[in-house]
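Produce the entire structure from the sequences given, and follow the hints as far as they go.
Protein chains in written order, with this note's numbering: chain A, 1 to 179; chain B, 1 to 166.
For the record, the hints were derived by calculation from the structure and aren't laboratory data. Take the hints with a grain of salt, since some may be wrong.
Said to hold, decoys possible - In silico SDA-like cross-links for lysine to any residue, where the CA-CA straight-line distance does not exceed 20 Å:
1. K85/A / M39/A
2. K8/A / R40/B
3. K31/A / R40/B
4. K106/A / I129/B
5. K106/A / E147/B
6. K31/A / D126/B
Stated by the list, open to error - If you want the footprint, here are the derived chain A segments under chain B, 3+ residues with CB under 8 Å:
7. 73 to 80
8. 110 to 118
9. 121 to 128
10. 131 to 139
Note that CB positions come from ideal geometry on N, CA and C, so glycine has one too.
If you want the building blocks of each chain, they are given just below.
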Amino acid sequence: MSGLKNIKIDGIKLSEELLQVNVTGVPDPQKALAGISRMFAENRINMALVTAACPGSGGHAACCVPVEEHGRVTDLIERDADLKKYVSIVSPVGLLSLFPHRSSLKLLGSALQAFGNAGIPVYGLASSLAPLTFVVDHHRLDAAIGALGEVFEIPPGIIMRPVIRVVQSSLTKGEDEAR
Amino acid sequence: METIAVYWEERIKTYGFSVVRGLSLVRLQFSDEHSGRVGRGLCNLEESRTPVLLAVGHLDGDRMGLDLLVETGGLDQLADGLREILSSAGEVPAGISSQVGMITFQGPHYGDRYGIADAAFGALADRGISIMTAGCSGSSVYIVVHESCLEEAHEILNQTFASQSS
Numbered sequence: 001m002s003g004l005k006n007i008k009i010d011g012i013k014l015s016e017e018l019l020q021v022n023v024t025g026v027p028d029p030q031k032a033l034a035g036i037s038r039m040f041a042e043n044r045i046n047m048a049l050v051t052a053a054c055p056g057s058g059g060h061a062a063c064c065v066p067v068e069e070h071g072r073v074t075d076l077i078e079r080d081a082d083l084k085k086y087v088s089i090v091s092p093v094g095l096l097s098l099f100p101h102r103s104s105l106k107l108l109g110s111a112l113q114a115f116g117n118a119g120i121p122v123y124g125l126a127s128s129l130a131p132l133t134f135v136v137d138h139h140r141l142d143a144a145i146g147a148l149g150e151v152f153e154i155p156p157g158i159i160m161r162p163v164i165r166v167v168q169s170s171l172t173k174g175e176d177e178a179r
Numbered sequence: 001m002e003t004i005a006v007y008w009e010e011r012i013k014t015y016g017f018s019v020v021r022g023l024s025l026v027r028l029q030f031s032d033e034h035s036g037r038v039g040r041g042l043c044n045l046e047e048s049r050t051p052v053l054l055a056v057g058h059l060d061g062d063r064m065g066l067d068l069l070v071e072t073g074g075l076d077q078l079a080d081g082l083r084e085i086l087s088s089a090g091e092v093p094a095g096i097s098s099q100v101g102m103i104t105f106q107g108p109h110y111g112d113r114y115g116i117a118d119a120a121f122g123a124l125a126d127r128g129i130s131i132m133t134a135g136c137s138g139s140s141v142y143i144v145v146h147e148s149c150l151e152e153a154h155e156i157l158n159q160t161f162a163s164q165s166s
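Structure representation (structure tokens):
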């Protein structure tokens with residue numbers, strides 16, 4: 001594995017504690033995706049990561065939301081009789097994002113190899129413009145970084161832990177102007 | 001430290017849309033105990049020089065599903081390599097869908113605010129557009145559809161979001 005240590009990582013970003021809501025085995029995963037998205041938007045719950053695969057039958061929809069929303073999320077899902085039988089929750093999880101991705105199959109493969117060899121489950125993943133993001137157990141984020149260190153060159157000082165949190169206010173424009 | 005942001009928009013702003021056609025969606029399924037082996041195999045496929053435009057994965061029980069979106073031009077070599085990797089792990093071959101396209105867009109603080117996914121997926125679902133794969137992370141949204149409905153999907157999203165480039 002040491003031969004793979006020619007990929008240099010410029011940044012690793014970690015999220016705060018989240019929970020992953022998984023909808024699997026549902027007959028219409030796209031309907032589930034739209035439904036979950038609407039449910040959380042109406043209740044002002046942000047989804048930090050969303051993935052969906054809709055192969056016609058089966059497939060999944062999954063999202064990660066702040067762990068402090070666990071109670072509200074559970075209540076909302078419980079009220080949807082059609083949806084709840086397909087839902088499972090993994091908590092707490094964390095997002096580990098590697099920069100830069102640059103559409104690299106090698107980066108993806110190396111990370112999967114590192115996590116697989118270290119026995120760290122990957123509950124989800126999604127690529128983006130710059131980062132490749134993995135969903136892992138929150139308490140294993142440091143172990144996940146250690147596993148990555150076996151295959152990547154990780155310079156010191158590049159790990160970004162959550163310090164500043166941005167939340168969307170529920171204040172409406174009318175309410176603010178009235179103050 | 002907590003920062004509170006307030007968004008007042010008639011339509012959610014986006015920096016603009018990127019629409020790409022001529023793609024293929026490769027779907028892999030494997031046991032999570034084979035993740036290390038599949039990962040190693042993917043590393044070796046870097047030689048195919050096929051950029052992965054989107055990767056979306058999900059663990060369901062002990063099965064990992066991984067969708068890879070690539071340019072169709074580079075598909076054959078990648079597909080052969082994947083077939084070999086999965087076969088050596090005793091897994092079924094990957095499913096491949098060609099003639100697919102991707103729409104991506106970004107916007108301010110998308111990763112920190114609610115309602116973005118609802119606006120996008122709700123609008124497409126309301127108009128009967130079938131999504132094959134989707135991924136939202138950071139400030140970016142990636143949606144994969146069949147090429148035959150790519151233009152319509154783009155138009156729907158263009159009506160839903162306020163593009164700064166238009």
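Checked hints:
no.	hint	verdict
1	K85/A / M39/A	16 Å, holds
2	K8/A / R40/B	17 Å, holds
3	K31/A / R40/B	35 Å, violated
4	K106/A / I129/B	33 Å, violated
5	K106/A / E147/B	28 Å, violated
6	K31/A / D126/B	10 Å, holds
7	73 to 80	violated (count 0)
8	110 to 118	holds (count 8)
9	121 to 128	holds (count 8)
10	131 to 139	holds (count 3)
When held up to the earlier numbered hints, the structure conflicts with 3, 4, 5, 7 and fits the remainder.
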